Amino acid sequence: MGFEVETLKFEGPLDLMLHLIHEQQLDIFDLDMEVLTDQYIRYLHAMEDLHLEVESEYLVELATLVEYKSRKLLPKREEELEDDYEDPKDRLVRRLLEYQKYKEVSKTLYDSYLERQDQLSKPVSFDEIVRHRNDIETQKLEGDPYDLLKAMNKVLRRLQLSRPLDIRFTQKALSPEDRILQIKARLRDLPETFSFDTLIEDCDNVHEYVITFIAILDMAKDHYLAFTIDEGDNIWFTRGNNHD
Amino acid sequence: MIRTYMTGREMTASEKKRWLEGKSQVRKVEVLDKSDDVKQPDSPEAIVEGLLYIVGEDGARAEQLAAAIDVSMEDIRIILENIQRKYSSELYGIELVGYGSVYKFITKKAVYPYAQELFGSAKANTLSQAALETLAIIAYKQPITRVEIEELRGVSAEVMLRKLQARNLIREAGRSEAPGRPILYEVTEEFMDSFKLYTLNELPDLPEYTKEEESENLFE
Chain A
1 MGFEVETLKF EGPLDLMLHL IHEQQLDIFD LDMEVLTDQY IRYLHAMEDL HLEVESEYLV
61 ELATLVEYKS RKLLPKREEE LEDDYEDPKD RLVRRLLEYQ KYKEVSKTLY DSYLERQDQL
121 SKPVSFDEIV RHRNDIETQK LEGDPYDLLK AMNKVLRRLQ LSRPLDIRFT QKALSPEDRI
181 LQIKARLRDL PETFSFDTLI EDCDNVHEYV ITFIAILDMA KDHYLAFTID EGDNIWFTRG
241 NNHD
Chain B
1 MIRTYMTGRE MTASEKKRWL EGKSQVRKVE VLDKSDDVKQ PDSPEAIVEG LLYIVGEDGA
61 RAEQLAAAID VSMEDIRIIL ENIQRKYSSE LYGIELVGYG SVYKFITKKA VYPYAQELFG
121 SAKANTLSQA ALETLAIIAY KQPITRVEIE ELRGVSAEVM LRKLQARNLI REAGRSEAPG
181 RPILYEVTEE FMDSFKLYTL NELPDLPEYT KEEESENLFE
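Quick note, the sequences are listed as chains A and B, same order.
If you use the numbering used here, the first sequence corresponds to residues 1 to 244, in order.
If you use the numbering used here, the second sequence corresponds to residues 1 to 220, in order.
To be clear, the hints were calculated from the coordinates, so they are not data collected in a lab.
Some clues are possibly wrong.
[Stated by the list, open to error] Now the stretches of chain A that chain B is said to cover, found in silico as 3 or more residues with beta-carbon under 8 Å: (1) 147 to 160; (2) 208 to 215.
[Claimed, not checked] Dumping the calculated DSBU-like pairs for lysine-lysine here, alpha-carbon to alpha-carbon at most 30 Å: (3) B:K196 <-> A:K101; (4) B:K109 <-> A:K122; (5) A:K107 <-> B:K17; (6) A:K122 <-> B:K39; (7) A:K150 <-> B:K109; (8) B:K141 <-> A:K89; (9) A:K89 <-> A:K9; (10) B:K39 <-> A:K103; (11) B:K163 <-> A:K101; (12) A:K107 <-> B:K163; (13) B:K196 <-> A:K122.
Since we're looking at a predicted model, the values are computed, not measured.
Don't be surprised by glycine CBs; every beta carbon is placed ideally from N, CA and C.
Please work from the sequences and hints to get the whole structure.
This is the structure in structure tokens:
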């Protein structure tokens, strides 16, 4: 009997098992472990035949299935049945049902998510905030790369919103090294504390945003600049220790 | 042929349907009222409305607004409800929402097809099935550790948790008392906003599967 792979996109071994149970019309409350195990193994073989890498998670669950099967072949021993002993089959069924719940509910959640995506808001009136921020005290500088990433996402989103209504094609090859020189030249005129948005005022495409971002990463690494992220995910800079 | 702005590709059938459906609901143009000189606001509602316009997508909490216009929490709730009621009318293209206790103005659903017309369809942020499942598990069971999520989904969650953190949909919420003191995760206000939830109590009930049910129902 051949084995046809309908879809290769499963979220993991439990998702695959649910698919097999459905496909083989097995009763999840009275699970035929033998059929499930056989089909599961067939599926993994099929994946290998297609030269797809079988992820380790699939093998972990395979081990559970095979262990169950081999146990059935051995004579039962009394001492195995401890009080808190949960039959591996019961455990698997419990996990499958639990997983199924979240898989189901995630569909409902996604509907709300898509609906919300169609409802837009405008960015904060940023200039107003900058005007009030200029006189803030220098803050303790801290943050990790993920804060920066978050802030960068916000900048990109803002760029997307401010995109002009006509399409322009420009090709400007600006290297991070050049950009660092540009930023260093601009630093003379910039206030003590300034925001990433100030730095990218002269940029008009994503490429330049990204180059600027790479440039400031480099400058932060060299302690030429120090950065902090505020609650609004805005990146703020001051001169670092290494600034001459 | 209707093309989307960003990619220039032709709209898919479902996009086009939604676009046309949205358009058909709007009545003809007519003069509504002769406009007068601008009058300054005299109600707390009008002031709060102005503030909410300024904060835009960042939104503001009731506490912040109450402090700004110096009223009690009880009053600000009434004010916000009044504004919400006002904007729920068909006269307005925006509405006031308070997902995750953060109040902000967003456009109503019916505006979106026109926004597509004006800007072209900007590609919406999508979420993968893996991301959705992970978020659902965290939202229903928070605070929860990585290992608990992995046990439930049967796959490694480390990379996904980082991605969701980077998108500000989840955050760390201290550490569990379990051995190794693993990090606990919970959903953020951004999650509440993205899924249109005022509080987590609004999450849909999890489906229950019982033995009596036809097993087919599981897969509907």
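Of all the hints numbered above, which does this structure not satisfy? Sort the numbers upward. Failing hints, ascending: 2, 10.
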